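> For reference, the chains in residue letters:
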Amino acid sequence: MSTVDWKNYEPVLIPDIKDLNKIDVYIKQGGYKAFESVLKDKNKWSGPKSVVNEVKEANIRGRGGAGFNAGLKWSFMPPVDGGPRYLACNGDESEPGTFKDRKIFEYNPHVFIEGALIAAYAMEITTIYVYIRGEYRAYIQMMEKAISDSYEKGFIGKNILGTDFSVDFYVHSGAGAYICGEETSMLESLEGKRGYPRVKPPFPAQKGLWGRPTTINNIETLAHVPAVINRGAVWFKNIGAENHPGPILYGISGHVNKPGVYELPTGVPVLDLIYDVAGGMRNGKKLKAVIPGGSSTPVLRADQLDGITMDSDSLRTVGSMLGTAGMVVMDEDTDMVDVLWRIAHFYHHESCGQCTPCREGTGWLEKILLKIKNGEGEVRDLDLLLDITTQMEGRTICALADAAAWPVRFTINRFRDEFEARCKKSVYALA
Amino acid sequence: MAYEFTKEDLKQIEEIKSRYPAVMPATLPVLWVAQNRFGHVNPDVQKLVAETLGLPQAHVHGVAEFYTQYYKEEKGKHVLDVCTCLSCQLCGGYDILHYLEEKLGIKKGETTQDGMFTLNEVECLGACGYAPMLQVTNDQYVNHLTKEKVDKLVDSLKNGEKPQYEKIGMPQHENI
Amino acid sequence: MPEVIIDGKSYTYEGQYKLLQFIQDLGKEVPFFCYHPSMSIPANCRQCMVKVGQYIIDRESGEHQLDEKGERVIRWFPKLQTACNIDVADGMVVHTQETDELVRRAQKDNLELILINHPLDCPICDQAGECPLQIQTYKYGPEGSRFEVKKVHKPKRIQLGPRVVLDAERCINCTRCTRFTEEISKTHQLTITRRGDKNYPTTAPGLEFDDPYSLNTVDICPVGALTSADFRFKARVWEMNQTPGIDITNGKGCNIDLWTRDNLVLRITPRFNKDVNGHWMPDKGREAYRLFNENRISRPLQILDSEQILSSWNNAIATFNEQVEEANKKEILVIGSAHASVEENYSLARFSNLLGLNQPVFVPHIIEGTGDGFLITDDQAPNTNGCRLLGFTELDQKSIKKAVKKASLVILLSDHLLDRGVLSPGDLDGKFLITFATNHSDTTKRADLVIPITTAAEHAASYVNVDGRIQRTIRAKETKYTNRRLDLEMSEGRLDRYGTNFDNWVTEENKIDCVPVWSFISQAAGAQDLDLVLNEGREIMDEIASVLEPFEGVSYHLMDEQSGIRLHLDTKEKTKT
Chain E
1 MSTVDWKNYE PVLIPDIKDL NKIDVYIKQG GYKAFESVLK DKNKWSGPKS
51 VVNEVKEANI RGRGGAGFNA GLKWSFMPPV DGGPRYLACN GDESEPGTFK
101 DRKIFEYNPH VFIEGALIAA YAMEITTIYV YIRGEYRAYI QMMEKAISDS
151 YEKGFIGKNI LGTDFSVDFY VHSGAGAYIC GEETSMLESL EGKRGYPRVK
201 PPFPAQKGLW GRPTTINNIE TLAHVPAVIN RGAVWFKNIG AENHPGPILY
251 GISGHVNKPG VYELPTGVPV LDLIYDVAGG MRNGKKLKAV IPGGSSTPVL
301 RADQLDGITM DSDSLRTVGS MLGTAGMVVM DEDTDMVDVL WRIAHFYHHE
351 SCGQCTPCRE GTGWLEKILL KIKNGEGEVR DLDLLLDITT QMEGRTICAL
401 ADAAAWPVRF TINRFRDEFE ARCKKSVYAL A
Chain H
1001 MAYEFTKEDL KQIEEIKSRY PAVMPATLPV LWVAQNRFGH VNPDVQKLVA
1051 ETLGLPQAHV HGVAEFYTQY YKEEKGKHVL DVCTCLSCQL CGGYDILHYL
1101 EEKLGIKKGE TTQDGMFTLN EVECLGACGY APMLQVTNDQ YVNHLTKEKV
1151 DKLVDSLKNG EKPQYEKIGM PQHENI
Chain B
2001 MPEVIIDGKS YTYEGQYKLL QFIQDLGKEV PFFCYHPSMS IPANCRQCMV
2051 KVGQYIIDRE SGEHQLDEKG ERVIRWFPKL QTACNIDVAD GMVVHTQETD
2101 ELVRRAQKDN LELILINHPL DCPICDQAGE CPLQIQTYKY GPEGSRFEVK
2151 KVHKPKRIQL GPRVVLDAER CINCTRCTRF TEEISKTHQL TITRRGDKNY
2201 PTTAPGLEFD DPYSLNTVDI CPVGALTSAD FRFKARVWEM NQTPGIDITN
2251 GKGCNIDLWT RDNLVLRITP RFNKDVNGHW MPDKGREAYR LFNENRISRP
2301 LQILDSEQIL SSWNNAIATF NEQVEEANKK EILVIGSAHA SVEENYSLAR
2351 FSNLLGLNQP VFVPHIIEGT GDGFLITDDQ APNTNGCRLL GFTELDQKSI
2401 KKAVKKASLV ILLSDHLLDR GVLSPGDLDG KFLITFATNH SDTTKRADLV
2451 IPITTAAEHA ASYVNVDGRI QRTIRAKETK YTNRRLDLEM SEGRLDRYGT
2501 NFDNWVTEEN KIDCVPVWSF ISQAAGAQDL DLVLNEGREI MDEIASVLEP
2551 FEGVSYHLMD EQSGIRLHLD TKEKTKT
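Quick note, the sequences are listed as chains E, H and B, same order.
If you count the first sequence from 1, position 74 lands on 74 in the numbering used here, and the numbers rise without skipping.
If you count the second sequence from 1, position 57 lands on 1057 in the numbering used here, and the numbers rise without skipping.
If you count the third sequence from 1, position 237 lands on 2237 in the numbering used here, and the numbers rise without skipping.
Here chain E stands alone, though its shape is the one from the complex (with noise of 0.2 Å):
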């Protein structure tokens, strides 16, 4: 496998622009040219079809964390029958880890908003939502100010530049719930609602918000939609990773030097990010261990990564996965029962409560664990948790359960000996 060639790369996302959240500089830079060429281009477009067949070409894969394929994903809409059709956009960004969306949000907002106006095309939907966390207040601002811009201009509304083209675009803001990030979950805030997801099928493509056909996409996904229409899906599937190519936006945080969100094409060793992107580990500790992609992913110690890149065919070689592509770097001082027991209180207090393996089995895998830090753990427990783990995983509505399981079982299993070390000796060993 060739080496992805990252540090040659301009970011196209979110370019190194001065004030491109502005229209008028966005617009200058080229801006809103994809949407008018779906619109207008027929030599070029054959109609809505051939937009979502140009994007399921390009191959963009989720960057929510699921990694599903977008294009794919529009052409499950069922053909139009007259009633409405929603485009609801992820931005509730709330795995820890992740923290990329609101760099589009704060300096590319237009080039997400001509995404979503793309894929509302594409799909030839009605109504836009885009459903921002709510802490993010002033993103969530930003936004709206960024739509408001982009309905004056006549990018969204009626007849959008003079075409039969109409479609409306809010913002809805979160208000504290990490659920709210699963697809349905959201659409059931969005409803008005408190977040449970929704039980597939029917899937949103069939039944979702009101009961009309919806798509769900993330923000970052929707926002590499332009780049595709303007210079073709064979371009982006040229950058990154073969198998999940692109540009992406990584989240680096933790122990090192240089965190914070940077554009590079997918599939860039995960040292190479650590010790060149971002500037290496502080005050120059040694790597102990890798989350790769938000909280939910398996961490990898640091003797997995030699050869391993960000993207899902080599991480999974390694037992994880590229999730959000937020990661967490942790250097030799790091007290990982502190940090599982961190993760699993996330994870406790964010379960919605509907499915009785996540409701309950989050809170037990957290007390077990508080427990085990406190020094008052067996090494029995160790194996409960792994059994409480496999109790959990597949058995509920959405992934959280999964999301909480994973961590816990992939942290023991990977530092096991650090886990023991902190476990009391059995009253049955003493004896």
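FYI, nobody ran anything at the bench for these hints, they're computed from the structure.
None of the values given here were measured: they were computed from a predicted structure.
Each residue gets a CB set at the ideal place from its N, CA and C atoms; glycine is no exception.
Mixed in with the good hints, there may be bad ones.
Simulated crosslink set (DMTMM-like; lysine to aspartate or glutamate; CA at most 25 Å straight-line) [claimed, not checked]:
1) H/K1147 <-> E/D338
2) E/K200 <-> B/D2090
3) H/K1007 <-> E/E144
4) B/K2406 <-> B/D2529
5) H/K1147 <-> H/E1174
6) E/K22 <-> H/E1166
Derived list of chain E stretches under chain H, where covered just means 3 residues or more per stretch with a C-beta under 8 Å from a C-beta of chain H [unchecked claim]:
7) 4-16
8) 221-232
Based on the hints, put chains H and B in the right spot on chain E.
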């Protein structure tokens, strides 16, 4: 205390309702309108929201209770939400939390006697690269916290100054 | 026909089914908590996990794909599925806990998780004995618990409303109760509050759960989280016996079960009838249990020297006959009752017919605007249509007052006309009032002779509801003159079977000294040498069916078999209320 929306609030609520094909979707945004107006959404405010929208009170109550950002009771003038989740934990989030506990003389979840500060420990706020950090009253993020920065923040809040938006660019760029 | 294979057996089917319901309809079992056939399917309890696959059909040949052994190849779903929300499909292969170790393990795992925060207080819980959680745990649950950390604590003994008490720690968050107020009663009074393992159902702060159907949530709660404020701690379910009956508090005729212990009705719960009340009934109907126990008239009453005193049955029969014989036949007014059964009204009509008295009249008890279009009707009586079909003349207040004025002797069947303001005491001045009644009231207090009669809990009799459906009751409670060991139709609970008069859980007091209307009338007629023998409801109904056209073909057997029979109501009659 009787709570009432102002005329502007009601106008805003009408505008919010127009974004959706039904009334129920307005529940979350209108709870926000109410919280911005009254500082909390206690049961009386929840009732006001339900009555204004013509929705069952139980529904509004259930929604308000589900989402952590809605204050179900009156809080201090400034709510300090300190993130201690994963990246913040790694970078000293708990030190900041404990420092604030000591400084304000309260435990997390409590409000100072003078009603000035409420201190909370919260889950990931999506600022992992800028840890440790906190959010002030559901609004501005204060990043890269140190004890000195916390001291300054507390002082300025006491002086009635609002924290400003902290722009943090992308390390690979020069212009942003 | 499409085929589904469950635990190795093939079943053909037509139409659309959810797998769990399909399995239940076959008389088989998969454990579950949140599913309810009348409500939406949230699939949140995750208990009904089964393994589901599909035979692979070769695209080209359209034939089943076969393996080397010639067996049909199955493509299994990668995860276990909840049976409640999956549609039965042609060629579907299902393994339940009966044949699959993985399924058994998953169901056991889930029960362990449900139970970790459950208080396990069955010994003091009202639900014990009829608790799905308790039953499923015995059948499918783990032997013990590995939960050694602290349980979540939640509010207990919360009076959610006047009739329902919440113990949030017992709640397993199945959301049946909240779905009930959203989808069935539509009062939207309940919601789940908080999040995660702190979740529990509640009302909005300051509001009461006073839904007129609130007690249905107690019935469908699969644990003891919601209990009836009234029934709480009154009896263990296994001490009671359960007898099917009909709600007599309004015109709908909800199908019910009467729960008795030592001849007291302790509670009433709805009994499923898809054509009448589904799984539900109004709270008001449940309170009727008091009518069967309290304030009952036991032994006849007679006014002697302007004081009402207990009399004897011989005296009562003698007085009844004296009055009927002495009065001018034209001045005798016989009033039937929509509150009494078809058989009771018919018996009275036979008697008055035989004596050449008027065909009984009756005064419907309808209060406009009190119905809700669901299970609560404007009609306050269970048998208005029964009286109509018997050909009784309907009188309004004005005409009944006029009729009473002309009469010297009024024979009134089970209708508290004074209490409900149809008659005023003055209307009855100088009249001799004989009333057949079950409970004391202002009307019975005024009566010169009160004949205590059986209630719907003590006789088998039929009632025709607002939609013209005739349904019948079964004796649930003994009187002084019935005996459940001799009466094969009566149910017998453990305490009934093993109790003697010398046990402290058996009392004679709860048996009321009363008889069915027809027994009294037969005896009175016998004393007059009239040829009128009315033995019991079943025979009377056979007689009615043979002489009255609207009841043609009706029998207890058919009513039992079909859960009631829809009669043809004369539309002209029906609209005249």
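> List, from low to high, the hint numbers that the structure doesn't satisfy.
Per hint list: 4, 5 and 8 violated.
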